[in-house]
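Take these sequences, add in the hints, and give me the full structure.
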Amino acid sequence: MKLNQLIYRNTKKNLKHYYLYIFALVFSVGLYFAFVTLQYDPALNETKGTIKGAAAIKAGSVLLVGIVSVFLLYANNLFIKRRSKEIGLFQLVGMTKGMIFRILSVENLFLYVGSLILGVLLGFSMSRLLMIILFKVTGVEDVATLHFSQQALFQTLVVFSVIYVLILIMNYIFIRRQSILSLFRVASVTQQRVQKMTPFQAIIGIFGIALILFGYYLSSKMFSSTFLGSQLYMVMITILASVILGTYLFYKGSVSFIFNLIRKQKGGYLNVKDVLSLSSIMFRMKSNSFLLTVITALSALAISLLSLSYISYYSAEKSAKENIPHDFSIPNAKHAEQFTNALAEEGIDYTETYIDLVRVNTDLSDILSMPEDSEFGFQASNTDMIVISDQAVPELHVEEAEVFFVNQQDFTKKLLNFQESGQVGFSNAETVYDLTFKGFKDVSILSSRLSYAFPVAVVNQKIFEKMKAEQDPALKSEFPEYVGINIVDKKEIEKADSIFNELELNIWAGYESRYEASISQKQNMGLIMFIVGFLGLAFLVTSGCILYFKQMDESEDEKANYTILRKLGFTQADLIKGIQRKQLFNFGIPLIVGLCHSYFAVKSGWFFFGTELATPTVIVMLIYTGLYSIFGILSVLNYKRIIKDAL
Amino acid sequence: MVILEATKIHKTYGNKFNKQEVLRALDLQVHKGEFVSIMGASGSGKTTLLNVLSSIDRVSQGTITIEGQNFNQMKEKQLAEFRKHHLGFIFQDYNLLDTLTVKENILLPLSIKKVSKKLANDKFRAVAQDLGILEIENKYPNEISGGQKQRTSAARAFIHDPSIIFADEPTGALDSKAASDLLNKLSDLNAKRNTSIVMVTHDPVAASFSERVIFIKDGQVYTQLNKGEQNRSDFFNDIIKTQGVLGGVKHEA
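Protein chains in written order, with the working numbering: chain D, 2 to 648; chain Z, 624 to 876.
Accuracy of the hints is not assured; some may be wrong.
[Unchecked claim] Only pairs whose alpha carbons sit at most 25 Å apart, straight line, appear in this in silico PhoX-like list of lysine-lysine: (1) D/K560 <-> Z/K740; (2) D/K645 <-> Z/K700; (3) Z/K740 <-> D/K578; (4) Z/K740 <-> D/K265; (5) D/K274 <-> Z/K639; (6) Z/K655 <-> D/K267; (7) D/K274 <-> Z/K740; (8) Z/K815 <-> D/K641; (9) D/K578 <-> Z/K808; (10) Z/K698 <-> D/K641; (11) Z/K741 <-> D/K265; (12) Z/K815 <-> D/K267; (13) D/K274 <-> Z/K736; (14) D/K578 <-> Z/K698; (15) Z/K800 <-> Z/K815; (16) Z/K737 <-> D/K578; (17) D/K560 <-> Z/K762; (18) Z/K698 <-> D/K560; (19) Z/K736 <-> D/K645; (20) D/K645 <-> Z/K762; (21) Z/K737 <-> D/K274; (22) D/K645 <-> Z/K698.
No lab work stands behind these hints, which were simulated from the structure alone.
Structure (structure tokens):
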């Protein structure tokens, strides 16, 4: 049949033209298939069992489907617009819209099937590589044997069939809406309408910046005990909404407005660099503001997630040390003895720290102001604290009327606003001790499991003995004593840890091995980091590709301009210089805004994740910027080609 | 004084199996301050001739010199440099940049010449005044009429005082009033600034505004007409007659 031949020829011809669309397809399929293969791989079952990775992976795959479908729909939208002339021609020679739709659908099907096969192959080899990386990161020692999972294949097929149907619907609507005339004209319709700047736009722009700043301000206040409980949730939503809306308005108004000011200043006397960068961006930024907002949000999300998980991974050891101040923590003298005997038998040298604990009713209302919140269930005036003797803290000497606090953790420091000085009241059935608070001493004495991550009070030995004697039986602590054991030779920790496990000390609450805690945090964070990293990469590539496609489209639109400029006598080098500046803005502005957003996001809550902010965040941002720049460079190369062909 | 001289130029397109010779040993001279039209039927090689004369395209054989400089010996970059300083262009479809205002479009050729802002402004006012587009200086191309667009394009061609201006069917997209308006302005400026103009057209009315008309047929100069002392309508009749002989199609005069 004639139609079949036409379809066949069209597909063959378009293969060459739409290599980018095909790349987008293959890439998406590969990415998704790799991810799903990991999800179904039996080798990962152990990992899933031990550290509950399954849910995380599942959530990731849902997110991935979202990104992939937005990406593909966008790519398809761009490419069908480019073919509007051809579609118009078919209509002109008397083909019905239904027939054209059929041609496009079958053509798309060919592209789709081909890309699916390629993508699955690519994804399979990619997932092998990812598996090796995953095991390396999480420290799970396993040989990366991968099976071709039929389940994964099936899921991939289902997802992409659904996307295919979506694309068909979009094409159908596109063809349906166009008349022959408008199909011929579509290329020029999509070009921006040149509009005058209005004061309204300036107001929108300023309002956008104000919204972003307001969001930043809220985020810096979020965890500083100004907001609590249910309020916190509202605050988060407000921050998100105001920053995203602000970003949108920023692109809609501010960028054009600022560029317009610069342009006004030049008094009509623009050089070729300004022509290619300023004036072009100024008009497109506005019509692209939605897209740019999405890209910025994606980048910000990816960078923040990556930074946070890298912070946890990076500071795993440090936070383990903060949480568990000794190599082994055993809140029971008898069990500790059992353990130390075993250590001695094996010839492992150790040091032992014994600390007596007592739990006392405490009134902190003078040094800690908290908004009253029934949900929070915490009242500064009526709480209790663990008290230890100053003899347990060699760094401290405490007078009888004084009290120091120790064991302060990073996130309690942010959450609870203690005053510099004041009075602290301890009371039990018989006596009330009104002690002068002398501040915090930055040492970690007890494991946070024992102190419930709350500061620990240090008092004079005499006071402590009195408190111990008068201990309120109702407040009798779960853990009356604490034994911290340090291994002298750090090389023997692994051995000591296996003894700890053999004695089955690890099964009780509060019995902790720092070595294990650090490893398990690394494993936990390793898996999360891997998934987040994977998603971050997907975000990155997707947003990079969308920008690149957009620029490709723009370069085709502006080709006529380059022809004019070259006829006027501007050299290719002149034009390329202008383009480089334009791309610096086009890629740079969303990147910088995204980096700013993620910086404030990370800063507002990083202390929940680890102990180090600067290094991991900077590393993540640098890597992200580097990868992102690749797309910018690619787009400049594309422009170079277009400019060369322009004359 | 001869400003542009083309000797024995050839231009062929296609490969060795399917060669098409568009220009065949064509000779041409343009004097300083002259307004020359090039006419010919479709496919006679008018636009190709204009392209090679204006250095946008290269000849296959022969030499072209403008102000004594030979194009053949120049590299791509030097050619661009030459165009920037010595040539001006007016095109049928205006070729204005949509994203720039009228003033910005016109000032574009000056931006590369390191002209001071004040001098640039003065030059702009002078040329915009002459072409009657001063009041639309802050408008964008999509806000003005075709005639205004073409006058903007003309202003851009004149502003940097080129030695020669090439116009490719400048009236092709204009209605007759706008066209004669533009041509009047062009010949005024031609006289006032002593800038040579080479205009390709197929419209005898447009051609009658020039001083000399060169007819091209099959890639060679067929004949030339000089306006001399006659008035425009007599010259127009001459052109019509020659065109009739040339194309074999009688024009209703």
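Taking the hints in turn, this is what the structure says about them:
no. : hint              : verdict
1   : D/K560 <-> Z/K740 : violated, 29 Å
2   : D/K645 <-> Z/K700 : holds, 12 Å
3   : Z/K740 <-> D/K578 : holds, 22 Å
4   : Z/K740 <-> D/K265 : holds, 13 Å
5   : D/K274 <-> Z/K639 : violated, 41 Å
6   : Z/K655 <-> D/K267 : violated, 35 Å
7   : D/K274 <-> Z/K740 : holds, 17 Å
8   : Z/K815 <-> D/K641 : violated, 41 Å
9   : D/K578 <-> Z/K808 : violated, 36 Å
10  : Z/K698 <-> D/K641 : holds, 19 Å
11  : Z/K741 <-> D/K265 : holds, 15 Å
12  : Z/K815 <-> D/K267 : violated, 30 Å
13  : D/K274 <-> Z/K736 : holds, 14 Å
14  : D/K578 <-> Z/K698 : holds, 20 Å
15  : Z/K800 <-> Z/K815 : holds, 22 Å
16  : Z/K737 <-> D/K578 : holds, 17 Å
17  : D/K560 <-> Z/K762 : holds, 23 Å
18  : Z/K698 <-> D/K560 : holds, 23 Å
19  : Z/K736 <-> D/K645 : holds, 23 Å
20  : D/K645 <-> Z/K762 : violated, 31 Å
21  : Z/K737 <-> D/K274 : holds, 14 Å
22  : D/K645 <-> Z/K698 : holds, 15 Å
The structure fails to meet hints 1, 5, 6, 8, 9, 12 and 20 from the earlier list, while all remaining hints are met.
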